[in-house]
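S.K.: All chains should be modelled from the sequences, with the hints used to inform the complete structure.
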Amino acid sequence: MDNQNIPRRIREIREQHGLSQQELADLMGWKSHASIVAIENGEKNVKIQELLKLSSILSTPLESFFSETSSTSERPTILWRKKAADSKIVLREEYNLIEYYKNYQLVERLSQTKSLSTKYLPKKTFDIHSDQYKWVNQLAESIHKDFHLGDYPAESLIKCLEEEYGVLLISRPLEEGSAACYRDESGSVIILNEKEVRWRQIFSLAHELFHLITWNEELISKIQSDETLFNKNESLADAFAAALLMPQTMINHDVSESKLTYSFIIALAGKYQVSKQAMLWRLHHLRFITKEEVQLALKDPEFLKFDHEISKQVFTATSSLGNRFIRLAYLSYENGKLSKTKFARILKVKLRDLEQYLAEKGLFLTDDKEIRRAC
Amino acid sequence: MTKKLDVLVDTVVVINAHENGYWEHLCNKHCIYLPNSVIEDEAFYFTSNKGKTALTPSKWLQQKKAFCIEAQPSDIVKLTEKLSNDFLHTLDSGELEALAILLSENYPELLFTTADKAAVKALGVLNLSYKGISVECLLKHLPSAKNKLKPHFKKDWFIKGTSEGLLEQNLFLKKEPLITK
Numbered sequence: 001m002d003n004q005n006i007p008r009r010i011r012e013i014r015e016q017h018g019l020s021q022q023e024l025a026d027l028m029g030w031k032s033h034a035s036i037v038a039i040e041n042g043e044k045n046v047k048i049q050e051l052l053k054l055s056s057i058l059s060t061p062l063e064s065f066f067s068e069t070s071s072t073s074e075r076p077t078i079l080w081r082k083k084a085a086d087s088k089i090v091l092r093e094e095y096n097l098i099e100y101y102k103n104y105q106l107v108e109r110l111s112q113t114k115s116l117s118t119k120y121l122p123k124k125t126f127d128i129h130s131d132q133y134k135w136v137n138q139l140a141e142s143i144h145k146d147f148h149l150g151d152y153p154a155e156s157l158i159k160c161l162e163e164e165y166g167v168l169l170i171s172r173p174l175e176e177g178s179a180a181c182y183r184d185e186s187g188s189v190i191i192l193n194e195k196e197v198r199w200r201q202i203f204s205l206a207h208e209l210f211h212l213i214t215w216n217e218e219l220i221s222k223i224q225s226d227e228t229l230f231n232k233n234e235s236l237a238d239a240f241a242a243a244l245l246m247p248q249t250m251i252n253h254d255v256s257e258s259k260l261t262y263s264f265i266i267a268l269a270g271k272y273q274v275s276k277q278a279m280l281w282r283l284h285h286l287r288f289i290t291k292e293e294v295q296l297a298l299k300d301p302e303f304l305k306f307d308h309e310i311s312k313q314v315f316t317a318t319s320s321l322g323n324r325f326i327r328l329a330y331l332s333y334e335n336g337k338l339s340k341t342k343f344a345r346i347l348k349v350k351l352r353d354l355e356q357y358l359a360e361k362g363l364f365l366t367d368d369k370e371i372r373r374a375c
Numbered sequence: 376m377t378k379k380l381d382v383l384v385d386t387v388v389v390i391n392a393h394e395n396g397y398w399e400h401l402c403n404k405h406c407i408y409l410p411n412s413v414i415e416d417e418a419f420y421f422t423s424n425k426g427k428t429a430l431t432p433s434k435w436l437q438q439k440k441a442f443c444i445e446a447q448p449s450d451i452v453k454l455t456e457k458l459s460n461d462f463l464h465t466l467d468s469g470e471l472e473a474l475a476i477l478l479s480e481n482y483p484e485l486l487f488t489t490a491d492k493a494a495v496k497a498l499g500v501l502n503l504s505y506k507g508i509s510v511e512c513l514l515k516h517l518p519s520a521k522n523k524l525k526p527h528f529k530k531d532w533f534i535k536g537t538s539e540g541l542l543e544q545n546l547f548l549k550k551e552p553l554i555t556k
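Chains A and B, in that order, give the protein sequences. Its first residue numbered 1, the first sequence is counted upward by one per residue in my numbering. Its first residue numbered 376, the second sequence is counted upward by one per residue in my numbering.
One or more of the hints may lead you astray.
[Said to hold, decoys possible] Far from chain B by the CB rule (all over 12 Å, computed), these chain A residues: (1) K31; (2) D146; (3) K159; (4) Y165; (5) K271; (6) E293.
[As the list claims (entries may be wrong)] For lysine-lysine, the following DSBU-like pairs were computed, each having C-alpha atoms within a straight-line distance of at most 35 Å: (7) K44/A <-> K434/B; (8) K457/B <-> K119/A; (9) K232/A <-> K88/A; (10) K44/A <-> K457/B; (11) K525/B <-> K348/A; (12) K145/A <-> K82/A.
Simulated from the structure, these hints should not be mistaken for lab results. In this text, a Cβ means the ideal position worked out from N, Cα and C, and glycines have one as well.
M.R.: Have a look at this one:
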């Protein structure tokens with residue numbers, strides 16, 4: 001394809017994203033940056049499939065590549081809990097996340113029906129410089145109530161975030177202890193580590209939820225340039241996650257008349273789907289045990305050898321792309337709002353494997369046969 | 376003798392034609408074209424009782440069984456000017472290139488065949504229904520294959536799809552600028 005504006009526009013959009021030619025080539029899955037150089041110099045014609053991929057990766061409308069004028073398209077800010085040491089991996093994960101997110105928003109719009117509509121995730125502001133632990137506990141309590149998380153918050157949280165608030169949940173193989181999130185004016189996304197055990201992922205989910213609720217560009221730029229503030233924000237997010245997943249009133253009720261034995265604490269951790277360490281610290285923060293007791297238990301091989309069943313489970317609560325995302329894409333395809341090849345591409349599945357992939361999720365291509373309503 | 380039709384074919388039809396054994400018939404009876412992005416995309420496969428078999432579009436070009444057409448930038452620009460950005464992202468590169476080719480005035484005789492509802496609807500959205508043809512119509516001389524076709528490959532379904540596209544023009548076409556006095 002040959003168009004006078006394309007080479008210049010690709011260069012401009014790449015620069016707006018702060019990407020080098022090599023970085024863009026990596027995102028395109030090309031071995032060398034030579035193709036990008038050639039395209040930007042007008043020495044190589046860009047093909048329509050390449051332009052579509054660029055449009056998708058850079059979240060830029062296709063027409064922007066043909067236009068005379070420059071439209072704004074910037075690299076989004078992703079909040080990482082722990083970034084991979086290799087900046088190439090971080091870049092790839094960030095652009096993957098945004099590509100999934102944009103596709104998710106597309107299928108949300110395409111399959112828009114009343115029954116599938118979602119609520120807007122609340123937004124709260126706070127001053128990170130002052131002591132906020134009390135406020136964080138109150139926030140967790142109000143979220144627990146407003147989100148109707150009930151007696152088993154971990155069980156309800158995934159479903160609630162996906163179905164009620166439309167948060168896109170993705171799991172990817174990340175660095176140990178890592179997770180990330182992103183929010184913009186129209187929605188939000190959380191990326192979890194698929195290598196981690198279920199209880200760890202649920203804790204990360206609650207932790208990232210705190211970041212989404214308190215999402216503020218100014219705060220993010222502050223914490224990203226100040227390690228102390230970053231650590232404080234992380235610690236607040238942990239406190240929020242603990243308070244959300246182990247609500248004070250319920251723990252009080254469970255613990256008030258029970259002996260605090262190792263097996264009891266482990267069973268309690270299993271009930272709330274958190275680690276036994278997290279449960280110990282929560283009991284300390286709720287003043288049931290001292291800090292010294294927590295530290296002693298955590299050094300005791302007798303305590304450490306216990307492992308509740310849940311920690312052995314792999315994360316199956318949501319699939320790698322999020323159940324809602326897959327379901328909306330499926331509905332869009334079945335309703336003729338998404339082509340089959342595009343459907344497969346959005347799910348990152350080869351066309352030939354699509355039916356098998358869907359069958360594994362309990363979905364089948366049906367030619368959208370309609371069932372008549374009862375009169 | 377029936378006149379050979381110039382037919383632009385999409386991926387889903389190519390796969391189905393191989394799975395159901397009517398590819399050779401299509402190539403013999405009509406002049407078959409493939410969008411460049413379909414040819415250059417990853418290898419595609421069809422499934423038979425022998426398992427998955429890779430398709431080799433480049434070989435068909437060499438044997439002159441099929442021909443390749445590439446959309447020109449002006450055609451793509453025309454398409455992006457007509458369709459909303461959301462709609463553009465509901466289709467894959469092969470389908471978009473096919474629509475861009477149909478919009479151009481370079482191939483007035485060319486017909487597009489697809490069994491993809493989104494692509495069929497796109498013909499209606501773009502007022503290009505008359506440039507679409509169902510697989511069923513292409514197989515009128517091969518009743519054995521025609522009778523085994525799934526609903527998506529049939530004429531009635533095709534007409535229904537383009538009609539739905541016509542009705543959804545207001546959703547997917549960019550608004551025409553208002554003419555000021």
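S.K.: Any hints from earlier that this structure breaks? Give me their numbers in increasing order, please.
M.R.: Result: no hint breaks.
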